[in-house]
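**Q** Here the structure of chain A is known, so what remains is to put chains B and C in place on it, guided by the hints.
Chains as they are written, first to last, in our numbering: chain A, 1192 to 1406; chain B, 198 to 421; chain C, 424 to 672.
It cannot be assumed that every hint is accurate.
Restraint-style ranges between C-beta atoms, simulated for each label pair [stated by the list, open to error]: (1) A:Glu-1203 to B:Phe-310: 51 to 61 angstroms; (2) B:Lys-314 to A:Phe-1236: 50 to 60 angstroms; (3) C:Arg-500 to A:Val-1235: 12 to 22 angstroms.
Simulated crosslink set (DSS-like; lysine-lysine; CA at most 25 angstroms straight-line) [unchecked claim]: (4) A:Lys-1401 to A:Lys-1324; (5) C:Lys-543 to A:Lys-1324; (6) C:Lys-563 to A:Lys-1324; (7) C:Lys-441 to C:Lys-665; (8) A:Lys-1324 to C:Lys-553; (9) C:Lys-563 to A:Lys-1401; (10) A:Lys-1324 to C:Lys-541.
The set of hints was computed from the structure by calculation and includes no laboratory data.
In this text, a Cβ means the ideal position worked out from N, Cα and C, and glycines have one as well.
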Amino acid sequence: MTDWIGKYYLIEYIQACGWAAVLAVAATLGGVVWAGALFFFTTVFGRIGRVAVAAYVQIFRNTPVLLPIYLVYFGFPMIGIVWPAAVCGCFAITLQQGAYVSEIFRGSYKSIDRNLYDAAQSIGLSGWQIFSKITVPQVIVYSLPSLGSQVVLILKDTSLLSAITVAELMMQAKRTQEATGAIYWPFLMAAAMYLFLTLFIDYFFARAQKAVRWR
Amino acid sequence: MNSNDLIMLLKASGYSITLSVGAITGGTILATLLVLLAFSPSRILQFIYRVCMWVIRGTPWLVIAMLVFLSLHGMSIRIGRYYAGWLALSICFSSLFAEVIRGAIIAIPETVFDSTKSLALPRLIVLRKVLIPLVLRQGLPPYINVCVMTVKGSSILSVIGVWELTYASREIIERNLTVFQTLFAAAAIYFVICFILDRLGRNLETRLAARGFAHDLAEGKQND
Amino acid sequence: MIEITGLKKRFGQQEILKGIDLTIEEGEVIALIGRSGCGKSTLLRCINFLEEYHAGTISMDGVELWYRCDKNGNRVRRSTAEIAACRQLMGVVFQQFNLFPHMTALQNVCLGPRYSQKVKPDLAESIGRKVLTDVGLAEKVDAYPNYLSGGQQQRVAIARALAMRAKVLLLDEITSALDPQLVGEVEDVIRNLTHEGITMILVTHSMSLAREVSHRIAFIDDGLICEIGTPEQVLDRPSSPKLNEFLSI
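The following block holds chain A by itself, in its conformation from the complex (with noise of 0.2 angstroms):
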């Protein structure tokens, strides 16, 4: 048992771990941008935008992300769409956790001050500057500290991508265990990285809401 630390399986499991945080980040700014849209559409659009979206969001807050993962994994090549493994799971991911960004999102848009709108109008800002220069920078500030624990449920989510064949730290710890006939340590050291990104996450998170210095 003393050999299964060999220098091969460390460099295999960092750089599954690289992965796992490449997955992250992308369906982290995916999520974010799809959120953004959608908090964008029930500003701007009025009422119908708001329907749309809040079942948008109910939809995918109730049903588990294995199925938009398979609905994209399995589906999109039936109507001609192929993408790796890879870009598939992210795509999933990115429409489910766009759901719950744009909830973080509504619930920091209700918390800015109302009067502040009149405000703005007040010195003739027009819609799209009022939307651009008050609400979004605040929405962002507020959601920080929702978003850091959401990013951390979005790195544990890219685990399930194991399901659809991509190589991260899952995956990785599978293989190493077929591999060398390992009982645990291959998915303790997967978990001990998944730890280390949390980590991270948490780390970053802090350090962007000390940067905001206007609270």
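**A** Coordinates of chains B and C only, in the frame set by chain A:
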């Protein structure tokens, strides 16, 4: 997708439901034990609580489930995949339940303790008539939220071979390639379960609020 | 300069303004007084179109603001661009300051000139610094609103309105949300402004301020202008019983 497949999905959803109910029960029991650590006077036990929370929060459920499976195997406890999955799910969600319970306890305003002391109420009465209602009222909405997460989380067990709704869907898809119909049907079933749970929670919430707990807590919230 | 005729406004069934007629000359300072709920703040908000109104006209230098007549003679709202342009003719200061919390004092002040008036950034900044100096906050340009006192925040809000170089300043109970010891510094700023000949419409509960700075005072009761005249006429020789009652409290 034919009617046999649909029946299979419904049968599988039965497994998903029992797994979730089991995990909610198991998770809540584990969580209560964990919360006892958090409120124990010993610094070391409090520290252990924080480490447990951190580890369970940061490790994917799939990895935890895998480790549970392997440990059971290693200890030559053979209880089958279904019960192993149930145990794994309970552990995964214990941290979320624990945070909900702890949050609800912390949210009790200090003034409540002052007034119970000044009334010289016996401890058991304080617990039964004051603390438990307050904790229930405060903790119920997030608790239901975690229950919904548990139902959705039960789907991950399909990846490690526990037969339930998501596993059955994948079987059907691989057999006759009816991707869209099967997944929409599965999504609809999950949606209905979660939606009913959510409604149930809201219902309970309004009933508790009608009994007059809402007011106390609205003030309690302002205090922190 | 500003001419208001037959202004009516209702919320649901309740009529708040029942036909206000008011003409304000250039350089005039006019104070609106009255009980809370009499419609004086609503009138001010209508003048800046923060509230839509149902009948009547508000015009400035002979041009009707906010609404126009279409081909069929129907009353229609002006386009958002036109409304934004009209708003630049006026600055508003609110009771609750309404400063943007994520911007420094200088950024708050420069926002209007920079983005709605399309002034060049460096010019906008110099305007901002100048108006902040005028309200006595030269050292606080880089402070965020949360780190300023209530009085300082309100002075930044006044500076923000001034930075638009508007012809008219609308002040909505600007000292009501302040601690008593902070009222003075804000009132001083208003006193200084009256020397510069800016047209001002101020809603206030402070009779002493109204007497001191305004040329005319309008007493509003139940959605109508009940009495209007010089401070001496209105405050010392009230003719209507309602005003008498209001002043005696």
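**Q** Each hint needs a verdict: does it hold in this structure or not?
**A** Consistency of the hints with the structure:
1. A:Glu-1203 to B:Phe-310: 51 to 61 angstroms: 55 angstroms, holds
2. B:Lys-314 to A:Phe-1236: 50 to 60 angstroms: 55 angstroms, holds
3. C:Arg-500 to A:Val-1235: 12 to 22 angstroms: 18 angstroms, holds
4. A:Lys-1401 to A:Lys-1324: The given pair, whose Cα atoms are some 21 angstroms apart, holds under the 25 angstroms limit.
5. C:Lys-543 to A:Lys-1324: With a Cα-Cα distance of about 17 angstroms, the restraint between Lys-543 (chain C) and Lys-1324 (chain A) holds, given a limit of 25 angstroms.
6. C:Lys-563 to A:Lys-1324: Given that 25 angstroms is the threshold and the Cα spacing comes to 22 angstroms, the pair holds.
7. C:Lys-441 to C:Lys-665: At roughly 17 angstroms apart (the allowed maximum being 25 angstroms), Lys-665 (chain C) and Lys-441 (chain C) satisfy the hint.
8. A:Lys-1324 to C:Lys-553: 23 angstroms, holds
9. C:Lys-563 to A:Lys-1401: Given that 25 angstroms is the threshold and the Cα spacing comes to 22 angstroms, the pair holds.
10. A:Lys-1324 to C:Lys-541: 15 angstroms, holds
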